[in-house]
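J.: Spelled out from the first residue to the last, the chains are:
2 protein chains.
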Amino acid sequence: MQVVIIGSGNVASHMAKAFVLNGIPLIQVFGRNSEELKKIAEELNVPYSTEHLAEADVYFICVSDNSIEDVSKLITKKDGLVAHTSGSLPKEILVGEYRKSSFYPLQTFSKSKALDYKKIPFFIEAENEADKELLFELANKVSENVMESSHEKRKYIHLTAVFACNFVNHLFSKAKEISDSQKIPFDYFLPLIDETVQKIHEIEPKLAQTGPAVRNDVRVLQLHEQLLKDESLEIYKTMNHSIKKMYEL
Amino acid sequence: MQVVIIGSGNVASHMAKAFVLNGIPLIQVFGRNSEELKKIAEELNVPYSTEHLAEADVYFICVSDNSIEDVSKLITKKDGLVAHTSGSLPKEILVGEYRKSSFYPLQTFSKSKALDYKKIPFFIEAENEADKELLFELANKVSENVMESSHEKRKYIHLTAVFACNFVNHLFSKAKEISDSQKIPFDYFLPLIDETVQKIHEIEPKLAQTGPAVRNDVRVLQLHEQLLKDESLEIYKTMNHSIKKMYEL
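These protein sequence lines map, in sequence, to chains A and B.
Per our numbering: the first sequence = residues 366 to 614.
Per our numbering: the second sequence = residues 366 to 614.
Simulated from the structure, these hints should not be mistaken for laboratory data.
Misleading hints may appear alongside valid ones.
[What the hints assert, rightly or not] Taking lysine-lysine and the DSS-like style, the derived pairs with C-alpha atoms no more than 27 angstroms apart in a straight line are:
#, chain 1, residue 1, chain 2, residue 2
1, A, Lys548, B, Lys518
2, B, Lys610, B, Lys594
3, A, Lys484, B, Lys478
4, A, Lys610, B, Lys594
5, A, Lys571, B, Lys438
[To be verified] Derived list of chain B stretches under chain A, where covered just means 3 residues or more per stretch with a C-beta under 8 angstroms from a C-beta of chain A:
#, stretch
6, 390-402
7, 417-427
8, 501-507
9, 565-572
Every residue, glycine too, gets a C-beta built ideally from N, C-alpha and C.
Put together the whole structure using the sequences plus the hints.
T.: Here is the structure:
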């Protein structure tokens with residue numbers, strides 16, 4: 366059983382690494398960006414190509430959602446299995462005569478950040494039992510946490526992840542913008558941030574809420590609004606409004 | 366040197382514990398809520414009162430910002446030192462003939478969650494050098510991370526903390542609302558959330574951003590908007606708008 370990864374971005378490079386580290390026979394990384402492909406190929410000692418897609422049993426398309434459809438047309442092998450790694454798109458976005466599937470790793474991938482692949486939940490959807498079993502077998506080599514998921518459910522998993530990860534990271538960026546503007550080292554906030562996350566391992570987030578909005582501390586809320594402008598002020602108002610709604614304040 | 370803590374909420378209970386654990390002579394916890402005071406007093410083996418405020422060298426007012434002014438009037442001792450623990454209010458909010466100060470712990474406190482006090486940054490402001498030194502001495506017994514901070518700077522530290530902690534926790538609440546609505550266990554998202562935070566210990570948050578907004582993935586953004594309503598939709602739009610602005614998309 367031989368697999369190919371298509372793509373050279375964050376997801377592709379981590380999936381390639383996870384496969385190679387766990388003995389999955391990755392025979393090629395394929396894509397457009399030869400510089401990025403070369404880095405992956407050299408690190409993992411795997412062939413790469415920008416021109417000739419290798420013949421494989423399973424193709425993993427690890428490119429941005431906007432490109433999946435176009436990229437999927439490059440695969441001409443009819444008796445192969447193709448999986449995309451999108452949280453939001455159905456497996457039917459893939460265009461070809463091969464068998465279609467989805468192989469969604471619930472994690473945030475940045476190239477320069479090492480990951481413990483064992484803990485990443487993988488969500489799998491396939492056309493038939495045999496393909497599902499094959500994808501489970503591969504995912505189980507990488508992770509301890511492999512599940513089946515319909516497209517309908519996967520959409521909501523991805524949406525939840527956007528709130529719990531992408532938007533959270535953006536709040537960190539905005540927080541750093543504020544502290545940078547006053548020459549306050551962002552490192553001061555790391556113990557607070559770590560504790561914010563540790564807390565929800567033990568307490569429901571709704572019960573862990575602290576801060577001026579949940580106390581309906583009008584004086585502080587007004588003071589803060591005076592210190593903010595533009596998108597930061599919009600975020601401040603939107604989040605406080607939502608907190609007040611949640612706690613019926 | 367004897368100290369009293371006024372208050373029985375999250376901050377008061379953790380401050381009392383941090384003081385007792387580190388050998389600071391806490392002679393009383395004082396407040397209105399006898400039930401909560403009793404819990405703190407029994408756990409730490411410290412006297413409590415709802416009526417007679419003990420005579421002490423330093424009083425720590427650990428109550429919500431809205432109540433600090435009123436509570437400060439209860440302290441009639443003229444040669445004492447009084448500190449509030451608010452991130453946003455000036456020390457001059459305190460009303461009395463005593464010396465005024467601020468003693469701000471940068472952390473999120475929930476009663477049921479144990480904390481490593483050593484890592485909490487404390488920000489101190491006082492009227493004179495002697496008081497500053499005294500408060501540093503106390504804070505240094507609790508934490509490895511004690512600094513001076515003007516009110517002006519402290520306001521921005523608190524504001525940054527609201528973005529990095531309070532709003533982040535609310536995003537976790539909203540994320541859980543979405544996953545609960547589809548009967549998806551919120552535990553699935555904990556490795557993702559942990560990694561989101563581990564990442565910013567190594568990478569600037571601005572460089573760690575992932576997700577559909579920073580990829581300007583219009584198809585996914587539209588799909589997600591269709592799945593959301595009310596405050597969740599407002600947050601979705603506000604955050605995506607801010608992400609696009611930050612990355613000039």
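J.: Each of the hints needs a verdict: does it hold here or not?
T.: Hint check:
For the proposed pair Lys548(A) and Lys518(B), the alpha carbon gap of about 9 angstroms is at most 27 angstroms, so the pair holds. Distance hint between Lys610(B) and Lys594(B) is fulfilled; the C-alpha atoms sit about 23 angstroms from each other, no more than 27 angstroms. Restraint check for Lys484(A) and Lys478(B): the C-alpha separation of about 24 angstroms stays at or below 27 angstroms, so the hint holds. For the suggested pair Lys610(A) and Lys594(B), the alpha carbons sit about 13 angstroms apart, so the restraint of at most 27 angstroms is met.
Straight-line distance between C-alpha atoms of Lys571(A) and Lys438(B) comes to about 34 angstroms, which puts the hinted pair past the 27 angstroms bound. For the stretch 390-402 of chain B, the stated coverage by chain A is violated: 0 residues have a C-beta nearer than 8 angstroms to a C-beta of that chain, whereas at least 3 were required. Judged by the Cβ-Cβ criterion of 8 angstroms, the stretch 417-427 of chain B is not covered by chain A as claimed, because only 0 of its residues qualify and three are needed. For the stretch 501-507 of chain B, the stated coverage by chain A is not satisfied: 0 residues place a CB nearer than 8 angstroms to a CB of that chain, which falls below the threshold of 3.
Evaluation of the coverage hint for the stretch 565-572 of chain B: fulfilled, as 8 residues show C-beta separations to chain A shorter than 8 angstroms, against a requirement of three.
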